[in-house]
Amino acid sequence: MTEAYHSLGIWIAAFLTLCIFSFLYKDNPFYKFAEHVFIGCSAGYWMVLGYWTMIKPNLVDRLLVGEWKYLVPAVLGVMLLLRLVPSVSWVSRWPICFMVGITAGFQIVYTMEAQVLDQVNATIVPLWGNATYGQTLANWILVVGVLTGLIYFYFSVEHKGPLFGWTSRVGIWVLMIAFGAAFGYTVMARVSLLIGRVLFFRDDFWPVFLHTFGK
Amino acid sequence: MELLLKLSRLDRRWIFLFIALAVTLPFLFPVELPTRPSSATAGVFNAIEKLPENSVVLVSFDYGPSTAVELEPMAHATLRQLFAKNVKVVAVSISPEGAFQSRKALNGPVEELKRKVGVDWVNLGYIAGADKALRAMGSSFPAAFARDIDGRALNQLPIWKRVKNYDSFELILDWSSGYPGALEYIKVVSAGYKRPLGVGVTAVTVPEYFPYLNSGQVIGMLGGLRGAAEYEVLVKQPGTAAKAMVAQNVAHFTIAGFILFANIVYFLGKRR
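Each protein sequence line maps, in turn, to chains R and G.
Just so we're aligned: 146 in this note's numbering is position 143 of the first sequence, and the numbers increase by one with no gaps anywhere.
Just so we're aligned: 226 in this note's numbering is position 179 of the second sequence, and the numbers increase by one with no gaps anywhere.
Don't take each hint at face value.
[Stated by the list, open to error] Restricting the straight-line Cα-Cα distance to at most 30 Å, the calculated cross-link-like pairs of lysine-lysine (DSSO-like) are:
(1) G:53 / R:59
(2) G:179 / R:29
(3) G:290 / G:151
(4) G:132 / G:97
(5) G:151 / G:208
(6) G:161 / G:53
(7) G:211 / R:59
(8) G:53 / G:97
(9) G:53 / G:132
(10) G:317 / G:241
(11) G:53 / G:151
(12) G:211 / G:179
(13) R:72 / G:179
(14) G:97 / G:208
(15) G:163 / R:72
(16) G:179 / G:53
(17) R:59 / G:283
(18) G:97 / G:317
(19) G:161 / G:151
(20) R:59 / G:208
(21) G:208 / G:283
Hints listed in this document are in silico derivations from the structure and should not be mistaken for laboratory results.
Excised from the complex, chain R in its bound form:
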């Protein structure tokens, strides 16, 4: 019976995959059907997942064993949902304020350390006297790239003349190269997703297909 359910699941997955790919030819009812099924299933899946992995273990189970301090987040959660009632929607601002305050306070230390201080530190590199010429060149590219990129985003002065005009143009080139690299990786990621579906058809669907038709 389990095997039959597995086969049915694979057939449904294959059918929905083909429905989605059919959009590449043109928009059609099969694509729309698969799109609606995907959105509905995702909403249901995340709701169930949210309850069983977050609300139940972190709130319901703790309240059930008498840990009453968890009534505070429970009340804040209910206040958040009051956003759906227009006459008292203002109440939801309080838990939002709480969340924003806590998150900002929490993030500021680690973000400052990881994304500002450590990154600035990594940009302070020797521009001469390195072990290899390659390292020296890499350090120059790093420092010039960072400085010109920063100058491009400095809008308090008009980008004219040798200091702000030329350097901001170099900054644009640096940004374009970075965007090109990012685009290349994005293509790689999207092709990987397509490869994932091809592997699904080869490794999962094809054996089930042969089994279904008794080969």
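Since the structure of chain R is already known, use the hints to place chain G on it.
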């Protein structure tokens, strides 16, 4: 010239067909292409190779089924390497979908190398709270977890006696597809607790993590399918990723060819 201009108005569905063929044909007619591991990938490999026997490693699974094609091969390859070196593995997820993926990723290597749950590895499952959860784990793992993903009492498991906080781990690895994931580990575990961290990320997020690799905040990085294929080469066990890279390469050449062709036609048209 006329032919070129006609081709410039080519229906984009032909491009889709070419890409589909470029991805499918290498699986039907397999060929081998050389894969040379990058220093980013070697960083993770060397860190695991240097681990002493019986040390404990934290592995975080923070990806879902949609990105498993990129991240699962790297998880398999590293887990095999860790278990083969008799390193203990503590698995966790700060992303809800990751807990399901961690079961799937652990199954193969655990069965292949006959590792015992509770002794050689334990799966803690999902913990809510993202960076807040990471901070809670940094204070005390026993306070943050009472049971493993299958409901076993952790204080009854031998491996758990060695787990107190991040200092208990020689190395921390995170396989991540977005939020919450590698960035949270970099902020809390690497910057906050100064523990060695290796990451595996999807190709689309690789450029975001290069600065952290360059600054030494992560000791190594596996980037997308290519990173996974490179790792499979390093552990000398070519698997799904290595085979898929051939399709990836052919697809890239096809796309690059189309871009080049479109530019030539564009400039020729402009000259006319």
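Structure-based check of each hint:
A C-alpha spacing of about 62 Å is found between residue 53 (chain G) and residue 59 (chain R), which places the hinted pair above 30 Å, so the restraint is violated. For a cut-off of 30 Å, the pair hint linking residue 179 (chain G) to residue 29 (chain R) is broken: about 45 Å separates their Cα positions. Distance check on the hinted pair: residue 290 (chain G) and residue 151 (chain G) sit about 20 Å apart at the alpha-carbon level, within 30 Å; holds. Between residue 132 (chain G) and residue 97 (chain G) the CA atoms are separated by roughly 10 Å; this keeps the pair inside 30 Å, and the hint holds.
Between residue 151 (chain G) and residue 208 (chain G), the direct Cα distance comes to roughly 26 Å. Compliance with the 30 Å bound is thereby established for this hinted pair. Pair hint residue 161 (chain G) plus residue 53 (chain G) does not hold up; C-alpha atoms about 62 Å apart against a cutoff of 30 Å. For the hint pairing residue 211 (chain G) with residue 59 (chain R), the CA-to-CA distance comes to about 26 Å; that is within 30 Å, so the pair holds. Pair hint residue 53 (chain G) plus residue 97 (chain G) does not hold up; C-alpha atoms about 59 Å apart against a cutoff of 30 Å.
A hinted pair counts as satisfied when its Cα atoms are at most 30 Å apart, and residue 53 (chain G) with residue 132 (chain G) does not qualify at roughly 60 Å. Our distance criterion of 30 Å between C-alpha atoms is broken by residue 317 (chain G) and residue 241 (chain G), whose separation comes to about 57 Å. Restraint check: the Cα-Cα separation between residue 53 (chain G) and residue 151 (chain G) comes to about 50 Å, which exceeds 30 Å; the hinted pair is violated. Distance restraint check for residue 211 (chain G) and residue 179 (chain G): the Cα-Cα separation of roughly 17 Å lies within the 30 Å cut-off, and the hinted pair is therefore satisfied.
Straight-line distance between C-alpha atoms of residue 72 (chain R) and residue 179 (chain G) comes to about 18 Å, which keeps the hinted pair within the 30 Å bound. Taken as a hint, the residue 97 (chain G) and residue 208 (chain G) pair is honoured in the structure, with Cα atoms around 23 Å apart against an allowance of 30 Å. For the proposed pair residue 163 (chain G) and residue 72 (chain R), the alpha carbon gap of about 38 Å is over 30 Å, so the pair is violated. For the suggested pair residue 179 (chain G) and residue 53 (chain G), the alpha carbons sit about 58 Å apart, so the restraint of at most 30 Å is broken.
Distance check on the hinted pair: residue 59 (chain R) and residue 283 (chain G) sit about 44 Å apart at the alpha-carbon level, beyond 30 Å; violated. Note on residue 97 (chain G) and residue 317 (chain G): the hinted pairing is violated, with a Cα-Cα distance of about 59 Å set against a maximum of 30 Å. Using a Cα cut-off of 30 Å, the hinted pair residue 161 (chain G) and residue 151 (chain G) holds, with the two alpha carbons roughly 16 Å apart. Restraint check for residue 59 (chain R) and residue 208 (chain G): satisfied, since their Cα atoms lie roughly 27 Å apart, inside the 30 Å limit.
Our distance criterion of 30 Å between C-alpha atoms is broken by residue 208 (chain G) and residue 283 (chain G), whose separation comes to about 34 Å.
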